[in-house]
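**Student:** Once you've looked at the hints, dock chain F against the given chain P.
The chain contents come next:
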Amino acid sequence: MRLTTRKFLPLLLTGLLAGAASTAQVLLRLDHRVGKQPLVLDSIGYRMPAGDSLTISLLQYYISNIELIRANGERYVIPKKESFFLVKEQADSTKTIALPVPEGTYSAISFLVGVDSVTSTLGIGERKGVLDPGRDMAAGESMYWTWNSGYIFFKLEGASPAIPADATGFRQFEFHIGGYGGYNSPTINNIRRVTVRLPAKEPLQVSAAKKAIVHLQFDVLQVLNAVWTIDLKTQHHIMLTPASSRVADNYARGFAYRNVEYQNK
Amino acid sequence: MKKMRVIYGCAVLMLIWLLSGFLRHSPSSFAGSYADSFPQPAHFPRPVYDLSKNQYNKTKVALGRRLFYDGTLSKNGTVSCGTCHIQASAFSHHGHRLSHGIFDSLGTRNAPALQNLAWATSFMWDGGVNDLDLQPLVPISSHVEMGESVEAVVNKIKQDAYYPTYFYAAFGNREITTARVMQALSMFMSTMVSANSKYDQVIRKEGIAFTPEESTGYTLFKNKCAPCHSEPFFTDFSFRNNGLYPYSQDFGRMGVTSQPADKYRFKVPSLRNIFLTAPYMHDGRFKDIDQVLEHYAAGVQLTDNIDPLLLQSSGRTGLPLSNTDRSALKAFLHTLTDTSFTNNPKLGEVNICPQCIRY
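First to last, the protein sequences are chains P and F. Here the first sequence stands for residues 126 to 390, where the numbers follow this note's numbering. Here the second sequence stands for residues 202 to 560, where the numbers follow this note's numbering.
Derived by calculation from the structure, the hints in this document are not laboratory data. Not one of these hints is a red herring.
With a Cα cut of at most 30 Å, we get these calculated DSS-like pairs of lysine-lysine:
(1) 253/P to 359/F
(2) 357/F to 276/F
(3) 390/P to 326/P
(4) 206/P to 280/P
(5) 280/P to 464/F
(6) 464/F to 358/P
(7) 161/P to 336/P
(8) 336/P to 213/P
(9) 206/P to 359/F
(10) 464/F to 488/F
(11) 253/P to 280/P
(12) 390/P to 205/P
(13) 254/F to 357/F
(14) 161/P to 326/P
(15) 253/P to 357/F
(16) 254/F to 205/P
(17) 359/F to 213/P
(18) 399/F to 547/F
(19) 359/F to 547/F
(20) 280/P to 276/F
(21) 357/F to 280/P
(22) 254/F to 253/P
(23) 531/F to 423/F
(24) 213/P to 357/F
(25) 276/F to 253/P
(26) 464/F to 425/F
(27) 206/P to 254/F
(28) 254/F to 359/F
(29) 213/P to 276/F
(30) 423/F to 464/F
Anything over 12 Å on all C-beta distances counts as not near chain P; from chain F, calculated:
(31) 209
(32) 240
(33) 272
(34) 307
(35) 432
(36) 480
(37) 503
(38) 516
(39) 541
(40) 543
C-beta atoms are modelled at their ideal positions from N, C-alpha and C, and glycine is treated no differently.
With the rest of the complex left out, here is chain F:
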């Protein structure tokens, strides 16, 4: 009798295990709990990214997420997009001035944070890419990042045991092309929306307020920083020379436009999640915010095309910042940290072991 009960108990447990397995691997679970429509924050404008050319669908998001975390996109399987774009640091490469790519190669610029990409008007520090759908081509084919040809990536994915099924789920048939790989990646990346920091909650009047020091910092910020780091993205997406000492021959935007007026101009980065994305600047030269503030207060160099906003009427460069100003600014910048973004389970690394995602 007791034996029977044990067997019965085991059978029930087995059934539960099987059922849970089925649920875990069913098509609906592949689409996961992603939002049914594009996650548009109420206080953001409509996206710049053209969703009419790549219509939102959550299966595409799920596919893009797998691709984002899949080393197959690199030459030898070791580097994924997620290698240098880590969620905990707002998809930047925290602590790495320059990122290590394939075969331990070192890049030439700091891996930027990935957030609110659907509103970005250009990509890369020099704006060399104008469409999110074309952006992943850069790291995949770069010899110092993933070192793989896009053709080979497409072929590897075609030959994979499972991907064709995911493409079927996402696009309606099993065809795998450059365009579809890019569109799945950009669909996932467009869901990397950071719009729930303390700042956002204050702006949306959700019942919390800035502390007095944060308020002081916000006022200072609006006067001194917002002309370039404008709300709500904390960048105006323009290219400017902020007076960094030119240690290298990296001329920034001029490398794209060949216009001397673009020498030393780089993309104004967003300040959202700024406390999670050190080091700072295109070459990662500043290890913390204090060094950044010190640069703006006292380190701005009068190089070609220096931004006029960094020239004072006295002829001096930079923005005067007292120690109290710096503390207040930092207090405000802390309110841009969005842990619901950096902890969002829908954006996290996925286990790409095929058995785990079969359905």
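So here's chain P without its partners, still in its complex pose:
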């Protein structure tokens, strides 16, 4: 009897410890690129597949509802309150996302580009931080449509000589993509879930001993042609029209895994 207890107790303790597996911090780092080149805002050096040159002046988007997936399909869902991020090319710190993740091995990372419909209809008292609808309006970086209540999930702006000049002589494009499916009647739903798989031989190892930095890349050119071809000559301003769903399909394909970097603590 005594022996059993002695054998059982350590087992019980280990079991408890495993149940309360400690969490470690995982950093997601988003590297923005245009084809093979790193994205530099307002740089004139990029070419589109058709050959026309391209300048990008603004790139920002929401990443939310992040999940980490184990090889057996088990999902770890980041608590909702810690799972909303606004990534802005022009603000470097926003391109690193810190996540508390239980120790273990993961084979994929999944997230929404945008804001889910429940969060899109929350009371204003619960919309804080990156979800504050009054945020960033002064700088022209707002991610909220006041006139059609809802978040803008993804913004890409730039210019190209391929675009016909507007009344003021500028040749610019603006993609502002939102649409969570509607509050009481159906509207466009441009919420997209992206799952980035890690190579089977190189899964993500989360442990308290080492800091893991997962590098993801986002390729701006994919926004123009990953699934659908968006011709800037005719489609240079896309907001809440059916074309917006094609842009959303495209940018959802723009994310890819690059590598994981481990740093000793």
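**Tutor:** Same frame as chain P, now just chain F:
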């Protein structure tokens, strides 16, 4: 002796003046004589507005009222909510087909009346906003209305000498956020309740009755108008195409939903205080009720998504209305005018000069 009496008299007057000043500026006077609880009319259902997320308190109402009438919410201080939403015309912009916003910009739609907003299921002519708390974001940030960023509004209010104290009174601490500015505004706007017109008094059986012509009008109204302008709000809050000739590329609800079935559909407006809110329709094209009735009788255009209620079995459009019908309808519509609402001192413009409201 006489001199002493004058001095004594002056001192008393001075004391009275000081006391009255104190009373005028005390915290309790800031909360004012607003109702202690949400002003729920007996013959209305419970509000749609979720008061559990923004609990009623009269200090919040007082704060919201100051914000509503404060030009600080606009880019250069010249336009307040009250500029285009005037109490005397049931908080519409009487006489303005389209409103002039900041820097003399012209909007694209007629400023709607603000009344019974706590029961509204959506806002704007196209229903683009579903929560009263999110509605003020639209005019503040619109380039043709107040032209200001919400961030800048919050910062200006934070730096104001007095507002932080009002936020303390209303919310329990001095923190000023987008959410609190919006919630104070919606708290005030939710008290814009119009439920005391002659119609309401008749319905509540308060000892008055319709005249014979008003009664005839009410019967006609129930047959011809009430399917869309349903009681007690005189709107069913739906979106419909009432057959207006399309002068512009404004497709109404389709601009929000992108659904072709919503082309030319606009919110059915309330008919409460209708005689105070001219001009009419989303673009303010009709200057009086006669033109509106003429439209329904003879002007309905067969455009995409025309409302089936405006199609007669003969294939003709509109609602047949004789001259007698029109007079009776107008007599009834007059009973929807609620002067206790348009004269309610608790909803009126406040003097926002800081010295006047200090406490």
